[in-house]
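Trainee: One letter stands for each residue in the lines below.
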Amino acid sequence: MRTRRWTIAAAALCLLTAGCGSGSGKASSGFEAGADETINAEGETLTVWIMEGTNPDAEPFFDELSTAFTEETGAELDVQFVPWAEAHDKFVKSIAGGTTPDVAEVGTTWTPEFADAGALVDLSSQVESSGLSNDLVPGLVEAGTIDGALYGMPWYAGVRSVVYRTDLFEAAGVEPPTTWDEIVTVGKAIKKADPDVIPFPIAGDSEYGAYPFVWGGGGEIAVEEGGTWTSTIDSPEAQQGLEFYTGLATEHGLSTPAATTWNEADLSDAFSRGEVAMMISGSWTPGALLEANPDLEGKIGAFPIPGPDGGYSPSFLGGSHLSVFNTAENPDLAWALVRLMGTGEFAEKWGDQSGFFPGTTPLLEKVQAADDPLVSPFATQMVEAGASLPVTPLYGQVQGKKTVAAMLQSILSGDKSVEEASAAAADEMDAVFSRGS
Amino acid sequence: MASTLSPDTRTGTARRSRSAPEQPPRRRRGLTPSWLPWVLLAPALTVLGGLLLYPLGRVVTLSVQDFGLRQLVTGESEWVGLGNFAEVLADPLLWRVALPNTAVFALVNVALTVVVGTLVALLLARVGPWARGLLTSAIMVAWAIPAVTGTYVWVFLFDARSGPVMRLLGSLGLIDPETTNWFTERLPFYGIATLNVVHHGFPFVAVTVLAGLMTLPKDAMEAAALDGANAWQRFWHITVPLLKPVFAVVTILSTIWDFKVFTQIYLMPGGSGTNREVLNLGTWSYITAISQNRYGLGAAIAVLLTLLLLVITMFYLRTLFRQEEL
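Heads up: the sequence lines are chains A and B, in that order.
The opening position of the first sequence corresponds to residue 2 in the numbering used here, with each subsequent residue numbered one higher.
The opening position of the second sequence corresponds to residue 41 in the numbering used here, with each subsequent residue numbered one higher.
It should be emphasised that the hints constitute simulated quantities derived from the structure, not laboratory data.
Hints are not guaranteed to be accurate.
[Stated by the list, open to error] Keeping only pairs whose Cα atoms sit at most 20 Å apart, straight-line, the calculated SDA-like set for lysine to any residue is:
| no. | chain 1 | residue 1 | chain 2 | residue 2 |
| --- | --- | --- | --- | --- |
| 1 | B | 284 | B | 361 |
| 2 | A | 91 | B | 361 |
| 3 | A | 94 | B | 91 |
| 4 | A | 300 | A | 373 |
This is chain A alone, in the form it adopts within the complex:
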C-alpha cells in the first residue's frame, strides 16, 4: 500500500516537473540518463547493502569505492553489511516495509524471487546500451533473467568443489580421487592411516553438497515442461547419486553422526580445527580456512568433484547480482554504482580480495590464466561443470522449506531410505510448484 502511495506521489511529481523521460514506459524502470552517462548527484546519498563475510576485510574496498563514486557523481555512499544467514529475511521485511536499499548485492537464487515480486528494476536496457551483453558470465545471466528481462548485474560467482588436506592425503599415500569409487577407497585409506580424522563428512544441513551427486548420477532436481515444473529428485538416476553420497556416511563410515546436523559453517569449523580430510566447499573458503587456522598454510588443496566414472560432477554455480530496487529515488545514480562495481578495476579487485570469480568473462579469463593451485580447480569446475538450480521463484520457496536438507538429514539419521526420502522431497517440491507463487 505504501509503495502504491509512493508511486502516485512520484507520478504527481512527474506531472509537475514537465514529464518524465520517454524511456520509462515500463513502470519498473525509471532510467532517464544514458547507460554510460556521467551524472551529477551532488548531495545525494545512495544506500547499499553488501553481504558480510564474502570479502574477509571489506572496509578498505568500500572506502576506496566510496571515494571513487563521490568523485564520479558527487553522491555519498552509505554501505551497510548484512550477514548472509539473515539477509533473506531482512530483504523480505524491507520489501514489506518499503525500506529497501537503492542498490544491493542479491544472491543469485533470490533474484528471481524478488524480481517476480516486483521489487527489482529491469536492468536489460542499461546493460545492453553499455555494451556489456556479451561480456557477462552466462550462468549468472541465466539466473537473473525472468521473462527475458535481466534483474541483476552479474557481480561475482563461486562454485563448490572438494577442498582437501594435502598432508593427510600424503600420509595415507593417496592421490585426489577421480571417480566415485576412488572417493571411497581414498576415504578408507585415510581413515586407516588416522582413525581420528573424518575422511569425508556429509553435512545434513547443506543442500549444495548433495546437488553435485544428483547431477553426477545423471539426474535433475526438477524439469520444466510447458511452463510447469516437476520434481525429478526421485528419479532412478538422482536416487543413485543420493545413495552414493549418503552412503559415504551410512555405509562406508567416512562421516560422523555429528555431521548429520551440520551446516556448511559447521563443516568449515571442523575443517579448520583439523578434523576433516576432505569436504565439499566453496571456491571462496580457502582464504577463510587459512585465516581461522594459519597452521594449515601449505596443507590445503582442491580438486573438482569427480564424476561417477571419471570426468566431473556438475556443481551449483552460485554468486551474487547487483540489483537496483524499485524504491531507488535516483535509478540513474544507482546504475552508475552498479556499473562502477560490476566492471573494470573494482570488479577485478573484489574478485582478488574475496576469492570469488568475477561476473564478466574478460576478467574471468584473466583469473584462469593465473593458474593458482587453490583457484584453478574451482575455475575448472566452474567452466567445465557448473550448473544452475531451477530458475523459478518457486524454487526459492523449496529452499526456504529446506526440502533437500530435510531429505538428506532423514536419510543420514536412518529415519528414511533414499527411496522414501527422495519421494517425500519430490512430493513436497511438486506441491510448491503446483500451487504457484
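With the hints as your guide, set chain B onto chain A.
Mentor: Same frame as chain A, but now just chain B:
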C-alpha cells in the same frame, strides 16, 4: 526484608488516607467530565493499540488471505476465507508433529518449571539471609541469560562430537559417540530443550513463590506443627491452598511462555526446518511465513496457536475462580 518494606507501606497508606476525604465531594460535584479519563488514557491506549491490537488484527486478516511476497509489494491481497485454516488442519504434520510437540512439551515444562521453582523457593525460605542473597543472585543469572545465549550453551554441552556431556558419557561407556547424535531424534532433542527452558524459567517461579511464602501467617504453621502435621502435610494443606493465586499466576504465565517457545527450538541443530520431526507450532509458523513467504498460511498457524492458548488460559481461570467460590 519485611522490616525494610514497612516504612514505605506506611507512608503510602498515610498519603492515601490524607487525600481520601478530598475525592468524594469532587466527584459528587461533577467537576470531572466523563471524557477526561479517556483523554488521560489516550496516550497509553494509542501505544497499546499500535503495538498490540494492530498487529493482532493484522495477523487475523492475513490468516484469511493468500498473501505472498508479490502481495507484499503490490499491496493487493486475495481473500481465501478459511482456506488457510483448512490447509493447516488437513496437514498431517499438525497432528503428528507440531501439535504434540507443542502441547506435550509445554505440559512437561510447565510442570517441571513450577515444581523446581517451588522447591527452590522453599529452600530459599528456610536458609539464612546471607545464603538467600547468594542463591537468589545465582538463580537470577540463569534468568538473565538471553534465550539465544542459553540455547547455544546447551547445544554446545550436548554437541555430538565435542560436547562435554557426550564426552563424559562416552568415556563412562554409557553411549557410543561414534553412532550418537541426540539432535536428530525427537525425544532427546526435546529433552535438551526441556533442560534449557526449565533452567531459564524456574527462577521466575522461585522468586514469585518465595514472595508468596514470605506473606504466609506463621501462626497457622506453628499451630499445625503443634497438632502433629509433618512438613509435607503443612505444605500441602496450608501453603498450597493459601498460595493458590500465586501458583495460578506462575502456571498461567509459564504455560503461555512454554506454548509459544520459539528461539530455544529454532536455534538448535535441525530446529530451523531440516528436521521435520521437531517442528512445533511456533517454528512451523515462522518457517511457513518468513522462509517460504506464505504469510497467510503462517498467520493461520499463529492464530490457531493463540486460540489454543486462550482456551487453556480460560480453563485455568475458571478452575481458579471456582475454587475461590467454594
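Trainee: Run the structure past the numbered hints and jot down the numbers of the failing ones, going up.
Mentor: Hint 2 is the one this structure does not satisfy, whereas the remaining hints hold.
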